[in-house]
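Chemist: Make a model of the complete structure from these sequences and hints.
Position 101 of the sequence shown, counted from 1, bears residue number 103 in this note's numbering, the numbering being contiguous throughout.
The hints are simulated quantities; they were obtained by calculation from the structure and are not laboratory data.
Please read all numbers here as calculations on a predicted model, not as lab measurements.
There could be a bad hint or two in this list.
To be verified - Each pair of labels, with its calculated beta carbon distance range:
hint, residue 1, residue 2, range
1, Arg150, Lys83, 30 to 36 Å
2, Lys21, Ala124, 15 to 21 Å
3, Asn15, Asn126, 31 to 37 Å
As the list claims (entries may be wrong) - Quick list of in silico lysine-lysine cross-link-like pairs, DSBU-like style, CA-CA up to 35 Å:
hint, residue 1, residue 2
4, Lys103, Lys44
5, Lys134, Lys83
6, Lys82, Lys44
7, Lys149, Lys134
8, Lys7, Lys21
Glycine included, each C-beta is placed from N, C-alpha and C at the ideal position.
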Amino acid sequence: MLEFKAIEPTKENILNLEKLRYNAYSFFAPFLDETQSYYFKKIMEEKILAIGAFLNSSLVAGCYISNSHNSLYIEQIFVKKEFQNHKELRIGSSLMEYVLKNKENIEIFFHENFNYAKVEPASNSLVEYYEKLGFHESNEQLDTFHKRI
Numbered sequence: 003m004l005e006f007k008a009i010e011p012t013k014e015n016i017l018n019l020e021k022l023r024y025n026a027y028s029f030f031a032p033f034l035d036e037t038q039s040y041y042f043k044k045i046m047e048e049k050i051l052a053i054g055a056f057l058n059s060s061l062v063a064g065c066y067i068s069n070s071h072n073s074l075y076i077e078q079i080f081v082k083k084e085f086q087n088h089k090e091l092r093i094g095s096s097l098m099e100y101v102l103k104n105k106e107n108i109e110i111f112f113h114e115n116f117n118y119a120k121v122e123p124a125s126n127s128l129v130e131y132y133e134k135l136g137f138h139e140s141n142e143q144l145d146t147f148h149k150r151i
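Modeler: Okay, structure coming up:
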């Protein structure tokens, strides 16, 4: 069963998320210290909220959210490589839907109200994916898509 929850910003939790993110993007660098990553630092500073997706209590996906661009800004969304094309589970889409449906918790975290969610697709192949989730190209910023929430 797929479950979602905010990830407590501990060193161990964030390292697990960052390792999963590297796996999702096929990024392998054994010499890299994940504690020096941009996201590790921002999550520890509580400037980014991390939400995890768990399958049978095992972390399989993550989403990093900030309050950039005056919005609920999806910084990163990533799914463990072996689950990325699992059609029945729809882990990435389910995680995104969870985030958007639970905006109140995100607003509490940032002490802010959001009218829009924004995302920047990492590649042109993701544009259609975000459009299916109700996002539209923004006129304000290049390569940014938004959705009223």
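Chemist: Which of the numbered hints are not met once you compare them with the structure shown?
Modeler: No hint contradicted; all consistent.
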